[in-house]
Amino acid sequence: MIPKFLEKLLEEEYGNELTNKIIDGYSKKRFVTLRVNTIKSNISKIKEVLDNLNIRYQEVEWYKDALIVENALESDLEKLDIYNNGEIYLQSLSSMLPPLLLEPKKNESILDMTAAPGGKTTQMVA
Numbered sequence: 000m001i002p003k004f005l006e007k008l009l010e011e012e013y014g015n016e017l018t019n020k021i022i023d024g025y026s027k028k029r030f031v032t033l034r035v036n037t038i039k040s041n042i043s044k045i046k047e048v049l050d051n052l053n054i055r056y057q058e059v060e061w062y063k064d065a066l067i068v069e070n071a072l073e074s075d076l077e078k079l080d081i082y083n084n085g086e087i088y089l090q091s092l093s094s095m096l097p098p099l100l101l102e103p104k105k106n107e108s109i110l111d112m113t114a115a116p117g118g119k120t121t122q123m124v125a
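Residue numbering for the sequence shown follows numbering that gives the first Met the number 0, starting at 0 and increasing by one per position.
One thing to keep in mind: the hints can contain errors.
Using 16 Å as the maximum straight-line C-alpha spacing, the simulated EDC-like pairs for lysine to aspartate or glutamate come out as follows [what the hints assert, rightly or not]:
hint: 1; residue 1: K46; residue 2: E69
hint: 2; residue 1: K20; residue 2: E10
hint: 3; residue 1: K63; residue 2: E102
hint: 4; residue 1: K44; residue 2: E86
hint: 5; residue 1: K46; residue 2: E10
hint: 6; residue 1: K39; residue 2: D80
hint: 7; residue 1: K46; residue 2: E102
hint: 8; residue 1: K7; residue 2: D23
hint: 9; residue 1: K28; residue 2: E86
hint: 10; residue 1: K20; residue 2: E6
hint: 11; residue 1: K44; residue 2: E58
hint: 12; residue 1: K28; residue 2: E69
hint: 13; residue 1: K27; residue 2: E69
hint: 14; residue 1: K63; residue 2: E86
hint: 15; residue 1: K3; residue 2: D23
hint: 16; residue 1: K39; residue 2: E86
hint: 17; residue 1: K46; residue 2: E58
hint: 18; residue 1: K44; residue 2: E73
hint: 19; residue 1: K63; residue 2: E47
Pairwise CB distance ranges, derived in the manner of DEER restraints [as the list claims (entries may be wrong)]:
hint: 20; residue 1: D75; residue 2: E102; range: 26 to 36 Å
hint: 21; residue 1: P97; residue 2: I42; range: 17 to 27 Å
hint: 22; residue 1: V48; residue 2: S26; range: 24 to 34 Å
hint: 23; residue 1: K104; residue 2: N53; range: 32 to 42 Å
hint: 24; residue 1: G24; residue 2: F4; range: 11 to 21 Å
Hints listed in this document are in silico derivations from the structure and should not be mistaken for laboratory results. Virtual Cβ for every residue (Gly too), placed ideally from N, Cα, C.
Turn these sequences into a full structure, and let the hints guide you.
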């Protein structure tokens with residue numbers, strides 16, 4: 000749960016109803032999501048690896064290179080060669096949106112002021 004001081008700040012800023020929705024959102028289980036690093040791999044290969052390991056996933060309708068993993072934790076995926084070789088990147092779906100909306104072009108200069116650890120930046124490069 001979130002600390003009481005933060006709950007109070009949220010209530011002051013957003014009111015009781017929205018604060019309760021925010022707090023409720025923090026308590027829900029979130030599936031692990033990943034993005035394929037298309038510089039090193041492709042979605043077909045990643046699906047094949049996951050299928051062979053009996054790791055279930057869902058495709059993301061709006062991004063062909065993203066998957067929602069249903070039955071594995073981040074720590075499980077971090078042990079896989081596809082993770083250690085940089086073929087997949089564990090990233091929230093919301094963090095995948097800015098590069099897709101920005102649609103960066105070759106030789107364009109972009110300042111990513113939210114870069115840490117650099118998932119959106121590497122997504123733009125790919």
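Against the structure, the hints:
1. K46 / E69: holds (13 Å)
2. K20 / E10: holds (11 Å)
3. K63 / E102: Holds - the C-alpha atoms of E102 and K63 are around 15 Å apart, at most 16 Å.
4. K44 / E86: Holds - the C-alpha atoms of E86 and K44 are around 10 Å apart, at most 16 Å.
5. K46 / E10: violated (43 Å)
6. K39 / D80: With a Cα-Cα distance of about 12 Å, the restraint between K39 and D80 holds, given a limit of 16 Å.
7. K46 / E102: violated (25 Å)
8. K7 / D23: holds (15 Å)
9. K28 / E86: Cα-Cα ~25 Å, so violated.
10. K20 / E6: holds (11 Å)
11. K44 / E58: Distance ~14 Å between K44 and E58 Cα, so the pair holds.
12. K28 / E69: holds (11 Å)
13. K27 / E69: holds (14 Å)
14. K63 / E86: Holds, at about 15 Å.
15. K3 / D23: With Cα atoms ~14 Å apart, K3 and D23 stay inside 16 Å; holds.
16. K39 / E86: holds (5 Å)
17. K46 / E58: holds (10 Å)
18. K44 / E73: Roughly 19 Å between the alpha carbons, so the hint for K44 and E73 is violated.
19. K63 / E47: It holds: about 15 Å lies between the C-alpha atoms, which stays within 16 Å.
20. D75 / E102: 26 to 36 Å: About 33 Å separates the Cβ atoms of D75 and E102, which means 26 to 36 Å holds.
21. P97 / I42: 17 to 27 Å: Between P97 and I42, where Cβ atoms are some 20 Å apart, the hint holds.
22. V48 / S26: 24 to 34 Å: Taking Cβ atoms as reference, V48 and S26 lie about 32 Å apart, which means the hint holds.
23. K104 / N53: 32 to 42 Å: Cβ of K104 to Cβ of N53: about 40 Å, so the range 32 to 42 Å holds.
24. G24 / F4: 11 to 21 Å: Between G24 and F4, where Cβ atoms are some 19 Å apart, the hint holds.
The structure shown violates the earlier hints numbered 5, 7, 9, 18.
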